[in-house]
Structure formats: C-alpha cells, structure tokens
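Participant: Residues per chain are reported as follows:
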Amino acid sequence: MKTLRHIAVTGVFTSLAGLALGAQNTAAPPLTTDATPPAPVAAPPVVLPPERNWRFGLAAGYGSRTNPLIQSDDIPVIVDVDLAWFGKRWFFDNGDVGFSVIDNDHFTTNLIARVNSDRAFFSRTNTKYVTFMQLSGNVQAPAFDITGSPLVTPEPLKPPKRDYAIEAGIETLLDGDWGAATLRAFHDVSGTHDGYEISVAYDYRITRGRFSFSPSLGIAWKDTAMSTYYWGVHPGESSNVLQSYEARGGISWEAGVRGSYYLSEHFRVALSANYERLQHSVANSPIVEDPYVLGYFAGVAWSF
Amino acid sequence: MVILTFRRAFAAAALVASVSLFPAYAQDPPMTLTVRPLLCVLDKAATNCMMTFDIRWKSLTAGEFCLNDTLQVGPRICWGNPANPAESGNTSEQRQVSEEFMYWIGAPSGTERLAEVKISVLRVGSTDRRRERRTRHVWDVL
Numbered sequence: 002m003k004t005l006r007h008i009a010v011t012g013v014f015t016s017l018a019g020l021a022l023g024a025q026n027t028a029a030p031p032l033t034t035d036a037t038p039p040a041p042v043a044a045p046p047v048v049l050p051p052e053r054n055w056r057f058g059l060a061a062g063y064g065s066r067t068n069p070l071i072q073s074d075d076i077p078v079i080v081d082v083d084l085a086w087f088g089k090r091w092f093f094d095n096g097d098v099g100f101s102v103i104d105n106d107h108f109t110t111n112l113i114a115r116v117n118s119d120r121a122f123f124s125r126t127n128t129k130y131v132t133f134m135q136l137s138g139n140v141q142a143p144a145f146d147i148t149g150s151p152l153v154t155p156e157p158l159k160p161p162k163r164d165y166a167i168e169a170g171i172e173t174l175l176d177g178d179w180g181a182a183t184l185r186a187f188h189d190v191s192g193t194h195d196g197y198e199i200s201v202a203y204d205y206r207i208t209r210g211r212f213s214f215s216p217s218l219g220i221a222w223k224d225t226a227m228s229t230y231y232w233g234v235h236p237g238e239s240s241n242v243l244q245s246y247e248a249r250g251g252i253s254w255e256a257g258v259r260g261s262y263y264l265s266e267h268f269r270v271a272l273s274a275n276y277e278r279l280q281h282s283v284a285n286s287p288i289v290e291d292p293y294v295l296g297y298f299a300g301v302a303w304s305f
Numbered sequence: 138m139v140i141l142t143f144r145r146a147f148a149a150a151a152l153v154a155s156v157s158l159f160p161a162y163a164q165d166p167p168m169t170l171t172v173r174p175l176l177c178v179l180d181k182a183a184t185n186c187m188m189t190f191d192i193r194w195k196s197l198t199a200g201e202f203c204l205n206d207t208l209q210v211g212p213r214i215c216w217g218n219p220a221n222p223a224e225s226g227n228t229s230e231q232r233q234v235s236e237e238f239m240y241w242i243g244a245p246s247g248t249e250r251l252a253e254v255k256i257s258v259l260r261v262g263s264t265d266r267r268r269e270r271r272t273r274h275v276w277d278v279l
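Taken in order, these protein sequences are the chains called A and B. So in my numbering, spot 216 of the first sequence is number 217, and the numbers just go up one at a time. So in my numbering, spot 55 of the second sequence is number 192, and the numbers just go up one at a time.
Only chain A is shown next, with the shape it has when bound in the complex:
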C-alpha cells in the first residue's frame, strides 16, 4: 500500500515534469558542435517499478561454515540458491513461511514458521573408535569400566542424532536512516525440543558507487530445553567416551559482514563472512569441539 501510494504520487510529478520538459525540448533546435558537451540533465522524479513477486538468485563460488561438533566436517558452500515469493501478506523466504500482520511506515510484523538451523550441523558427523588401555609395569592392558569389566572392544565416539524442529514465532522488522533491526521470538511447535529462542539483529548498509557493504551484529537467547536438546548429551546417549551433559540456556552473539560489487544489473561479486560465538554452556558440551561457528563465502551471484 505504501509502495502504491508512493508510485501514484511520483507518477503525478513525472507527468507534470514530462509535460514541462517536452514543451522545452521541442522548442530547442539541435545543437551542432564537436566540442561543447550537452547541458547537464536533472533527474526526473523517481518512479519505482513494481517489484516481482518471485525472487530468484544463484551464487557460485567457494565458502565454508565450520562445524563446532566433535567428529564432524565443515559445511562447504559452493552454490547458494536464493528462492523467495512475496504476496500481499503471505510470503516464502528460503524455507521460512510468513504472514504479515502489521505493515506501516515504522515497522513490519510477521508471523513466521521455520525449520531450526542448529540441526544442520548434525548431518555432517562421522564416527571415531576409541580403545581404552592402561599402562601397568610397562605393560599395556585393557582398562576396566566402573563395574570392573574389561574394556576390550573399541567404543564409538560420535555426536548423537538430532531431529529437525518446526518453530513458529513472530518477528518485527524496523528500518530507517540508522540501519535495520530485526526482533524475533520462536517456539518449537513440532514437539522436538519444546524450547524457545529470542533474538535481536542489527545491520547497516553502505552503498558507494558499485560497492555495497553491510556489517551486522546480533544476539540470541536460547532456553535450556532447546540448548540441551541439540547440544547436550542425554542420559540414554552417554557412554564411556561421552559423558551425560545438560546444556543450560544462554546468550550467543554473532557479527558478520556482506559485500557486493555490482558488475551489471543482474551479476555481482559477492563476499560474506560471519562469526558466531556459541553460548558458554553449549561451548562446554562434550560434543562441542569449537566454541564458535565461522562462515565465509566468495563468489559470483546472479539475481533475477
């Protein structure tokens, strides 16, 4: 509605300006010269074309996101697909389904359903076998467990399996000359972990010529139920190589930057880097090796 009103107003100005310019230009004779540059041209009022409902983009290059889990591989980012559809109220944005409930000059509030992103790390894990030996009088012998039985067979060490969770929540998007902010609150509605997450993010875009540069900051609070489901070791999963662990709720933070150099209307060179510091209790989990997630990407992006 805001866009339509803007287009209508600018359209009226364009029509008036067009009449004025047309009258002026038809009266002016052609200039014949080899040296005199043409007179400076003032910009006509901006008329924003209506945006397409669909947004499709494809980036190809090289990037990676580290995996904080033990016995895991980093997640390669070779191709990134951006697929979104925006209706008047409903929208789909790369897996998130949303419905706008408030949209005014100051903020937009949406109801969102999404898939939890923590689960992605558990898809790239592998198993390491651990053998327990003890040294007694320069002789190596099998160790014993707490019941006194000898540990003769190697024990597998692997992060436990975790399920995807469908989360529903609310988000508010704000923007202005100061940048853009996002406030989000989500709850698991699939019964996977029954937890909550609240997050705040801020970013500021700077555009100079063909360069666009966006630093961002964000913090997220995840409750104990959600933290311990993904990052704890549940009692039934503990073993001689993996102790039971309950992760508590806490706050993580992240900082990132995205840059683009626009080669044409549809092509750009894209660079991005992101650092996320896991919350203290998650970082101390026996299934977590690194207390951070580092992501980066460099490539060429095409946008429709």
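If you are wondering where the hints come from, they were derived from the structure by calculation, not from laboratory data. Predicted model only: the values in this text are computed from it and were never measured. Be aware that one or more of the hints could be misleading.
To give an idea of the chain A side of the interface with chain B (calculated C-beta under 7 Å), a few residues [claimed, not checked]:
1) F87
2) F92
3) N95
4) D97
5) T109
6) L174
7) T208
8) R211
9) S213
10) Y263
11) E266
A virtual CB, placed ideally from N, CA and C, is assigned to each residue, including glycine.
Following the hints, position chain B against chain A.
Facilitator: Same frame as chain A, now just chain B:
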C-alpha cells in the same frame, strides 16, 4: 588444377566457419557507440546517481550524426555537417540518473537508431521490509 589436401580443406572450412558463425569478426558494424559507465547503483533511500558519462561513437561512413537519449525529445548533441561530415566523435556528460534509459545515435532529424546503449539502474534494497530480512540458515550467503 587445385589439389585439395587435408590441410587446405581444414583451412578452407575454418575460414567459412569463422565468417558464417562469427560475422562480427568478419565485418565491423556500420556504427558503434560506447558509453561508460553503464550502471547506476541506488541504495534504498537514494533517489539518483550523479554520473559522468564518457560517450564515444564511430561510423564506417562519414555524415551528420546526433546523440539522443530516450528520456528527452530531440538531439542532445550533433556532429558533422554537409561540408564537413564526421566519422567519429566523443563527448562527456554529467547528469543525475534515477531511471533506466538509452543513449542512441541517429541522423539529425531521423528516428532510426544506428547504435544504442542501455544505462541500467539497480536499486539495492526494497521498500518492502520482508525482502530485506535475513535468515539464519547455514547456507545463506546472499
């Protein structure tokens, strides 16, 4: 008598292919127009770019030619006259750009575009805040 060796047959075939598949290499276009820069990148709050265009043209045949653009009625600048026809020309122009348009070269009173170049406007960002949202998915780099 022509002896058609394999080497000669290959050379002849390559020549025919280069002319038929890549006619641009075999024959220059009658008029070329080069404009730099070609893209105006606008942030969400910006209304226009101040750009200085370097405009150059070259014609195989000398004559009278005028530079036009699709946002204005009538020529912006002309070169040559019946006594002194022009084969090439250049100029620079500083202007505010807020929408896509085309520079084109044509005869002084004609509407036929002998060569044209599009100046694009790319708006980075949207007035629809939903299109600006960032997801926290693992592969989200765009």
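Participant: Against the earlier hints, flag every one the structure doesn't satisfy and list their numbers going up.
Facilitator: none
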